[in-house]
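Enquirer: Please build the complete structure, drawing on both the sequences and the hints.
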Amino acid sequence: MSLLFRDRLPLHVAVSKRCLHLILTASLVAVGFVFLSPPLSRKLLTTSFLPHAFCYLRNPPLIWTHVISDALIGFAYLAISITLGYLIYRTRRDIPFHWMFLAFGLFIVACGGTHIMEVITVWIPVYVLSATVKVFTALASVTTAAILPFTVAGTLELVQQAKITHEATARLRASEERKGALLREVHHRVKNNLAVICSIFYLQSTHTQERQAIEIFRDMENRVHSMALVHESLYSSENLACIDFGEYAQHLAKDILASHASPEASVRLTTELEKVTMAVDLALPCGMILNELISNAFKHGLPNVSGEIKLTLRKAPEGKCTLTVEDNGVGIPSDLDINNSRSLGLRLVRLLTRQIRGSFELIGSNPGTIANLQFAVERNDYA
Amino acid sequence: MTTPNPSPEQRALIVEDEALIAEELKERLSRLGFSVIGTVDSADEGIAIATRELPDVILMDIRLRGHKDGIQAAHEIRQQVDIPIVYVTAYSDKLTIERVKHTDHDGFILKPFHRHDLQSTLEIAIERHAIRQKRRLQ
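Taken in order, these protein sequences are the chains called X and R. Position 338, counted from 1, in the first sequence is what numbering that gives the first Met the number 0 calls 337; the numbers after and before it change by one each time, with no gaps. Position 86, counted from 1, in the second sequence is what numbering that gives the first Met the number 0 calls 85; the numbers after and before it change by one each time, with no gaps.
No lab work stands behind these hints: they were computed from the structure. Possibly wrong hints are sitting among the right ones.
With a straight-line Cα cutoff of 27 Å, these simulated BS3-like cross-link-like pairs (lysine-lysine) come out [as the list claims (entries may be wrong)]: (1) LYS253(X) <-> LYS67(R); (2) LYS314(X) <-> LYS274(X); (3) LYS162(X) <-> LYS178(X); (4) LYS274(X) <-> LYS93(R); (5) LYS253(X) <-> LYS93(R); (6) LYS93(R) <-> LYS67(R); (7) LYS25(R) <-> LYS253(X); (8) LYS298(X) <-> LYS253(X); (9) LYS93(R) <-> LYS178(X); (10) LYS319(X) <-> LYS309(X); (11) LYS274(X) <-> LYS253(X); (12) LYS162(X) <-> LYS253(X); (13) LYS178(X) <-> LYS67(R).
Expert: Structure (structure tokens):
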């Protein structure tokens, strides 16, 4: 058996290969025996008692031709029936009419047997055995011939069904493709609409000179942008339902950095992001939370627009993951109560954390602040 | 804020079918020191104005009003005149990126964008075009 699996081929392929090798080797040996060693072959034909030789006109080439051909046919039939038997064994539950294949197999084995008997009776006069094999072959042939017509209708139906299945599969695939295209289109439209909203915020911001108002519009634009980015990641994703949040976070952080950029700003961003696949209903609130945390780090942590922001996304045990935004800025006021803070950013973080059943903490880490969000991904993980 | 090329004033054409996004682009370009010579929403109008007015840069959306899209418009414009073209689009799917790659253009900005995307992409586009022109003259 170990030889059969040597090439890691499926068993039936290995068996057929082996049978083929055997038959080819046998025929080569036989041919070699007859043509390369005439004295030996003559000796085998002359010194032995040859009960069947008379029928072959005592002509050695003719006898050998019969012997070799019969032997080859016999072995080939045996190989065919082994393959067939193996096929029936493997598909016995799935294939209809497997008894018909069985009858075929039996018929082929029997035919092979008669040919082998032809070879044997050249030397050994076992005509009774040969006749028995022939009777058996006759029975197997007649049985197969008799049952075959009954399977014609079923087989035709089977072919028809296979055709129908094939067409149905093609239709299903086409409809899947249409569905995919439609979904992509929807995500694109949503993203385009969000882009229009960003434009409105921007245009409105150009109507005021007040620094605080401009900042409010920029914050609004960034919030909408964090949502738009989820849709962008979605329609570039394979299954249109999940995104790689690590990749998203990297993209979002860079965009927020760009939105706060100014000639005097020098904030360095470092990231350590694992690949965490998230469904859209989780990615949207998470994206918005991340947007608030990074914006907070900018506005409150690094008010003199220089410093470092570190973004970390790690998988945690029990299907959870941890998202951390660290800055090395001025740190949080000691009297800050995140549950009662009047800051809209923290309020959004609190609300969205509750929505995703997560937990959030803000830790002062002299210098700077660490914002830590932990939540379960598995529940929404369709990937 | 620095302008890509403060003097003389660069002329820009916007081809974009979302009126508000077009307006934002116009506003941002003005702030960057460009004079916007027109805002159109179809490929044919874009081609007509581009070949007639010869702006210094064209901002081109990919999905436009009418049967022709921005990639076709860019192709037709570049067959007639050499003007730097920057795509501004919400499309970032593989097929669009693949199509964009095979056309002559000088930049690509994804919507929604930030002002720095716009500024740096325009600077690079205009610079690339200038280098191309210089090489041609040599």
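Enquirer: Just to be careful, I want the Cα atoms of LYS162(X) and LYS253(X) compared with a cutoff of 27 Å; is the pair within it?
Expert: 53 Å, violated
Enquirer: CA of LYS253(X) to CA of LYS93(R), is that 27 Å or under?
Expert: 22 Å, holds
Enquirer: Hint check: LYS253(X) vs LYS67(R), CA-CA at most 27 Å. Holds or violated?
Expert: 34 Å, violated
Enquirer: Assess, step by step, whether the Cα of LYS314(X) is no farther than 27 Å from the Cα of LYS274(X), and give holds or violated.
Expert: Holds, at roughly 8 Å.
Enquirer: Between LYS274(X) and LYS253(X), does the CA-CA distance stay at or below 27 Å?
Expert: 17 Å, holds
Enquirer: Are the Cα positions of LYS93(R) and LYS178(X) separated by 27 Å at most?
Expert: 17 Å, holds
Enquirer: Holds or violated: LYS25(R) and LYS253(X), Cα atoms, limit 27 Å.
Expert: 24 Å, holds
Enquirer: Quick one, are LYS274(X) and LYS93(R) close enough, alpha carbons at most 27 Å?
Expert: 21 Å, holds
Enquirer: Need the status of pair LYS319(X), LYS309(X): alpha-carbon distance at most 27 Å?
Expert: OK: LYS319(X) and LYS309(X) at ~20 Å, within 27 Å.
Enquirer: Can you confirm whether the C-alpha distance between LYS298(X) and LYS253(X) stays at or below 27 Å?
Expert: 16 Å, holds
Enquirer: Check whether the Cα positions of LYS178(X) and LYS67(R) lie no farther apart than 27 Å.
Expert: Holds, at roughly 25 Å.
Enquirer: Sort out whether LYS178(X) lies within 27 Å of LYS162(X), counting only the CA atoms.
Expert: 24 Å, holds
Of the numbered hints given earlier, the model fails hints 1, 12; all others are met.
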